[in-house]
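Asker: One-letter residues, chain by chain:
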Amino acid sequence: MNIEIDLRLRQGRFTLDATFSAPSGLTVIFGRSGSGKTTLINAVAGLLKPDRGRIKVGDTVLYDAASKISLPTRKRRLGYIFQDARLFPHLSVQRNLLYGRRLIPARARGDDLDHVIEMLGLASLLNQYPAHLSGGERQRVAIGRALLASPDLILADEPLAALDLPRKLEILPYFERIRDEMGVPILYVTHSAAEVARLATTVVVLDRGRVTQIGRAGEVLSDPNVVPTGVRSLGSVLQATLVKHHDDGLSELDAGGVALFVPRVDRPPGTRMRMRISAHEVILSNRMPEGLSALNVIPGTVESIRAGEGPGALVTLTTPSGPIVGRITQRSANQLGLAPGAQAFAVVKSVAIAPEDIGGGRANGPLDTL
Amino acid sequence: MQESYLWLGPNEWLAVRLSIKVAFWATLISLPLGVMVAYSLARWTFPGKQILNGLVHLPLILPPVVTGYLLLLTFGPMGPIGRLLEPLGLSVAFRWTGASLAAGIMGFPLLVRSLRLSFELIDPGLERAAATLGASPAWIFMSVSLPLALPGLLAGSMLAFAKAMGEFGATITFVANIPGETQTLPSAIYALLQVPGGEAPALRLILVSVVVSFSALLLSEFLNRRLASGLRRT
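Chains as they are written, first to last, in this note's numbering: chain A, 81 to 450; chain B, 803 to 1036.
Incorrect hints may appear among the rest.
Unchecked claim - Sample of chain B residues with no beta-carbon within 10 Å of chain A, all distances over it, derived:
#1 L833
#2 T934
#3 S945
#4 L1020
To be verified - So, partial list: chain A residues that the calculated Cβ filter (under 7 Å) puts toward chain B:
#5 A125
#6 L127
#7 L128
#8 L158
#9 Q163
#10 R166
#11 Y179
#12 L183
#13 R187
#14 A229
#15 S384
#16 G388
Don't read these hints as lab results, they were simulated from the structure. All C-beta atoms in this analysis are idealised placements derived from N, C-alpha and C, irrespective of residue type, glycine included.
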């Protein structure tokens, strides 16, 4: 189901003026804080009223200023996952989960109650009250509550931002499963490059209330002119298949015929994975390096070199594994004689690939439907 | 003789029972209206909001005698509303229902203040979350706002009840001091203090008054704690 959004909304001195359409799957709204991400998602939810525009999900028009259509929030068939969970403190987990489900006609309810409880591991929490839950548990219940409302559109507003890293790693796979298994379009707001790399089917970059780029995760994260969150977010997104787990704690992946070793990932061999390699974790060499501790060496040719305003340069390699960007100094680029067309090797330490940077799923969504 | 010194006589019992009846109905009737007014003051902006707020608080600052006299003007047999109620058999002047009306109005600001504070303390994000899950405004109110405001509702009701038990000025001005009909505890105490030898029964009634008010306070405190711990479940 496509999402079509065309919105104009003024809030004091801030103007949101965003137009984009995204194919089914998970669409990340990516931007710094203050870029209008939450305003946008709240307008889609009907919690804020746009000045004009049109919002369409699949065949349903949620809002159309021209024909004066504006469905109230309760009729938009949403599953909204808030950053702060917003569980009802006076209701048990079970009654929180069923809150939305009871409000929709019986024939519209999916028969997925047990499935959702099982998938999110909520069975043992059903009789607890929200105040008794940990942050991660609370967010899992919030996800379950949203899913059980049988939504036509899932909205998530920085759902991991309030969690510490272990909790983030606990929740991220659920969003991968929702994206890959539920077939419901998802609008997901974040400012985290790792979440973009792992989750996005499509990335919509928002800057000061305007859409500056729409593309796949790999395209957006490797483009210094587009990434809204600074050079530290730059990186490449590789598609790989999990080959096997080694006894020394490493997992071996195959990325376009190149073997890559990463800290163990808990998935069965054969799983399709996507992984993010931060540009500043990449070392470049102009010949096959020897005597290095780094396990991953990916051969390629230099496609482009972009010098930044500071001492840095962003080098893009074409490799069998896909494009890889490395951020090195301009001095190094000159000393190595790197130029477009030259042979080069990208070196990546296994431990530089953090658990939050690697997850299941295809890196390349069907952007051709745009 | 010793017994009659400590125990209430039939007339005094009458006053106690009447007082509880009057206060009970005063609180019960003002609850729905109080909830509506408190919620609209807490959540909505509308023209005349400050006027409504002022009207609600008026009984708190006006001399009770003035409130009572205004009630008499309005609800008395000649008053604009009293004249309409009379043929319906709903006359309130010089009846215990009138005493309830006066007591309810005097306790209303306390009820509304407590409820309004409770509503204001509820995260509006929770109500919005309920809307995204498909709840109508009325259902959001019933399933989220009202249950979360329950501690304030209880505290406010107890305060209003205690105030109604002790109301004197407006009541005696509006419905006079008729034993068995409008003679509540304070009016009875007042009447007893006007006659020689009335101090002993007056003192007994004062004791009852203190016990009832204090129990109401303790009960509300207790319920509040249970509710709060119910929400925390820690």
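Asker: With reference to the structure, classify each hint as holding or not holding.
Answerer: The hints, checked one at a time:
no.: 1; hint: L833; in the structure: holds, 19 Å
no.: 2; hint: T934; in the structure: violated, 4 Å
no.: 3; hint: S945; in the structure: violated, 8 Å
no.: 4; hint: L1020; in the structure: holds, 24 Å
no.: 5; hint: A125; in the structure: holds, 6 Å
no.: 6; hint: L127; in the structure: holds, 6 Å
no.: 7; hint: L128; in the structure: violated, 10 Å
no.: 8; hint: L158; in the structure: holds, 5 Å
no.: 9; hint: Q163; in the structure: violated, 10 Å
no.: 10; hint: R166; in the structure: holds, 4 Å
no.: 11; hint: Y179; in the structure: holds, 5 Å
no.: 12; hint: L183; in the structure: holds, 4 Å
no.: 13; hint: R187; in the structure: violated, 15 Å
no.: 14; hint: A229; in the structure: holds, 5 Å
no.: 15; hint: S384; in the structure: violated, 44 Å
no.: 16; hint: G388; in the structure: violated, 41 Å
Violated hints for the displayed structure, listed by number in ascending order: 2, 3, 7, 9, 13, 15 and 16.
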